[in-house]
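Student: From these two lone chains plus the hints, build me the complex, please.
Just so you know, the protein sequences line up as chains A and B, in that order.
If you use this note's numbering, the first sequence corresponds to residues 115 to 315, in order.
If you use this note's numbering, the second sequence corresponds to residues 1334 to 1755, in order.
Rather than coming from a laboratory, the hints here were simulated on the basis of the structure.
Treat the numbers as computed from the prediction; the structure is a model and nothing was measured.
By construction, the Cβ of each residue, glycine as well, lies at the ideal position given by its N, Cα and C atoms.
Any given hint might turn out to be false.
Restricting the straight-line Cα-Cα distance to at most 25 Å, the calculated cross-link-like pairs of lysine to any residue (SDA-like) are [what the hints assert, rightly or not]:
(1) Lys1514(B) <-> Arg170(A)
(2) Lys1507(B) <-> Val289(A)
(3) Lys1680(B) <-> Ala1631(B)
Residues from chain B that keep clear of chain A, each with C-beta distances beyond 10 Å, as calculated [stated by the list, open to error]:
(4) Ile1362
(5) Lys1364
(6) Glu1415
(7) Gly1546
(8) Val1566
(9) Ala1639
(10) Asp1645
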Amino acid sequence: MSAVPRYEHGSRVPGWDDAADLTKDPAEVPDAATTPVPADLRAEIEDFMSRYPDRRSAAIPALAAVQRRYGWCTPEGVEQAACVMRLTPAYLMAVATFYDMLETEPVGKNTIYVCTNISCSLHGADELLERLLKEVGDDPGFNVRAFECLGACDIAPMASVNGVYVGPIAQDEVVDLVSQCRGGEEPLPDKQLRKRKAAGT
Amino acid sequence: MSLQLLFENIDEQGLNTIDVYRRRGGYEIYKQALAMPRDQLVEELKKSGLRGRGGAGFSMGTKASFMPQGQMDKYLVCNADESEPGTFKDRELMFKNPHALIEGMIIAAYAAGANRAFIFIRGEYAEVADVLDAALAEAREAGVLGDLSLVLHRGAGAYICGEETALLDALEGKRGNPRLKPPFPANQGLYQGPTLINNVETLMTVPYILRMGAEDYAKIGVANSTGTKVVSVSGNVTRPGNYEIELGMPSREIIYGLAGGPPEGREVKLWFPGGSSAPVLTKDDLDLPYDFDSLAKAGSMLGSGAIIVVDDSNSVVDVCLKLAKFYRHESCGKCTPCREGTNWTVKMIERIKSGEATPMDLDVMASVQSRIIGNCLCVLGDAMAMPVGSMIEKFRPEFESYMEHVRLQPQPVEIQGAYAEA
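In isolation and in its complexed conformation, chain B is listed as follows (with noise of 0.2 Å):
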């Protein structure tokens, strides 16, 4: 096993209670950090070079530092709202260890000059929600908290509020509708104040980053990735769970090496780096590093960093239309090119399944895929239209074979995965 950080001593009894947190060294550096100057602390936090973990992975001390300054209420939100399919590294980080986040919470806050602090998490973590809202109450009596305001605030199903603007719209209490960026949340967020958002591993990370110093931790990792990453095998592999990594390590080791790769007798046929909203891979690219610049060349994204695994025994046509589903039932509706994209783009996959396509409505589908990308407020759309895209770019021959097949049917069948065999 590698470098543990956010993991080390994860599963101690009791490690989300304040007493076991302070014995495992929680709440000291935290003093440190508010004894040093704001922008020494932002200076440290660009030298660690962490990137964000969320998914778009931009540069956290870079965010911090576009935070204005001068008087006025300022807001740093925690996006606990992960729903990315494949994603469920912040549920077990929070579950496990919700004073790492809180510890993380005070020192961002006090580096982006914030006097309120939200936590958006979604709502079906209740579970996980219950347990930070007893780590929330240890930590203000303990007095950590000192003049922050920190709040949980629990959503209610929406994958668009993972979205960090739609996210504020739902803290607002509104829809989650996105916003037009720019203004950039830095300087128009939360309540038209400035607001800083970050991921809950990104958060969590910094504590350890200065505990170590920021320096030696720009030494994890790769040049551009620095550090340790929680990633989410999940899919047609045999030991499924989080792992953390050190980023560039080779994705075959963490799919075949860490998650015991597909079952007995199967091999990969395609995988998804990061997330479903992620274009996908295939099995001659499990060599690549696994770190943001190495995934961004192949054609993909590290973005929250869950590996979705599907091996040989699935048909392609089957993946892609439960993902442009997902996405359909979770576009906001505010842009057209997204909301009726997604839409045709399953009527067209629907197509495919009932024998009715011909090659050419490949075609169109990839144009539809191109003419989404880009055009909408958020990423929403782009995250259906690139995997789908990608798919009917390396997967093409399957498609046709599939059309073919279930056309030659007297009527419509369930193919299963295995056709292309038979």
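With the rest of the complex left out, here is chain A (with noise of 0.2 Å):
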């Protein structure tokens, strides 16, 4: 058996073993005299939090729109959020770490999520998406992960490309994809779930 990679201070995880800083305040809900929100931020946050019963029904909104106003999850954009909503930046940063589509470390701006979970890899998912690692490359512009069943076996091997669902995918259209979400096209115009009709008909 392979060796498990540990960090220098011998722990599986970084930072794990790390002390506490107790010298350092709790972190408190930020004020809101001193943290600036931009106003659509905070109006787009409000609103979610309009909807709810209980404000913080809206973490995961509030969340995702910081993700898609600043890529990811930053510091500062979850101490806006959680200066909007009342909330501490550990109560958020907590939910963000949860959830695999929020992300709290940066990453590129074109999102491909390749399924690879049983069906698609019974198709061969695990080669397409090893091609994709390989089209794209050390690519800041990217972030190709693999991803949990996405609920589209009709159509595997397939990816959520940008939130757009193309497939089956060949493994030769790689390259066109890839080109695709460099250039800001559509992906895979023809390959797209939403074209497609019911089988049996």
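Tutor: Rendered as structure tokens:
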């Protein structure tokens, strides 16, 4: 068996063994006077909050709004959302780290989720992911990752490209797909799920 | 093609708009439903025999009758967090016919006495959520919602949020951790209020039931599994997709007749009858009628109605590893048997793949599975333990010959599916 990769400090997770800084004050709900929040972001989050009986229900939509604006859940963005929602940033970070679609590290602009669950992997999803990763290389404009079942096993192997479901993706279409993303075009227009008719018709 | 209810005219241009939906007879029956006494409506739902289409298969009418009486905030939640591997029926239903869901929710909210309703849709379904948003705006403008507040809530990617109490936590803006039951959501659910939670397909079937009459609906299908069901067939079949069937149809007819069966020259090795959480069945079980009770009797379950077919070109060890890795990733980590059990199961299968395992490890692995089942707050751990356990039980010789084969290799190599024939 291969050795478990560990960080220098001995842990398998970065930073887990670092002692908490007890001299620091605990983070509180950000002060509205000292936390500038862009007006449109504030309006968007307040709109979400108004839809629920409890304002905390807007946590996921608010973090998604932060991510749309800044590209990922930046510490400043989370602080701004926390300020509008009157929650601590830690509360929102706890939510953000739970969900796969909320990014807590900087990522590329083009998001490609490749489904690698059973049905897709029976149709070569692992190879597709490998090819995509190779084609993208170290381009910082991309966020290519394996994802759990995306609920489109009828078009296996498939991927969600910036929210658009495409499939079945042939291995030689990877080059096209990546260049379409780079050029800001529609991904594989003929293979988009929304244009597909129900099976058996 | 058998009887079609939900899938009738599903591909009609513009069915997702209120005009076409109305032309097809939509937004009529809810008026009659709202004019009925509440008890009578619940009684109708019970009479139809409609069982929940999300996985558990609990009678929808009975669930609605658990809602307490009296003046208080009550909630209806539509579970549209369709994440069970292999399932994609709700996606197609909501994308193409969103108004049927809205009409079903109006009726169900009345039956439950709910004044607030939510649709919790998984974040990955952004395209579907946009369609629903547009449909909701149309419905609001047309005034069909009355004083019901109906809000679409987008999740952010977590399988566990399909579990009803985890979904409620996610909807309350927390991490999606399941809650201890009881209290059940009907007593203390969303915001601690009485809550009725139903799957998309269940709610969407409600208007169709009332249109044709509960008694006539109960005649479709077989005893104890009434009505039609949309099944998602995927994996090694030539025509994957959603098919609406009458419950009780022979499984072979679904897999071979509708979905075209495995490609030329291949045969079914194993199949999951109800999503990847269902214990696997083999080619000997293909003649089982596809309904709740027959599949339960065969030791599996109908679950979400997702059939995943794996043909004999694939190795059961690979499928097992894929499956276990999925549940390891998606375990929320709250209960130890699930968090540790999924992790160790993956490690043990990896041991098999690297040629370090012995047949004794299979017994250890099987015992781990039996120690997960029933020992957690929710069924995520069971959802891995049941199929993995059934694979070890039904394909033990293949696991053993795989181990033997890999062990004899000079170095660990990637074994292709056809090793058994080599």
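Student: Now tell me, hint by hint, if it's right for this structure.
Tutor: Hint-by-hint comparison with the structure:
{"no.": "1", "hint": "Lys1514(B) <-> Arg170(A)", "verdict": "holds, 23 Å"}
{"no.": "2", "hint": "Lys1507(B) <-> Val289(A)", "verdict": "violated, 40 Å"}
{"no.": "3", "hint": "Lys1680(B) <-> Ala1631(B)", "verdict": "violated, 30 Å"}
{"no.": "4", "hint": "Ile1362", "verdict": "holds, 23 Å"}
{"no.": "5", "hint": "Lys1364", "verdict": "holds, 27 Å"}
{"no.": "6", "hint": "Glu1415", "verdict": "violated, 5 Å"}
{"no.": "7", "hint": "Gly1546", "verdict": "holds, 26 Å"}
{"no.": "8", "hint": "Val1566", "verdict": "violated, 8 Å"}
{"no.": "9", "hint": "Ala1639", "verdict": "violated, 8 Å"}
{"no.": "10", "hint": "Asp1645", "verdict": "holds, 12 Å"}
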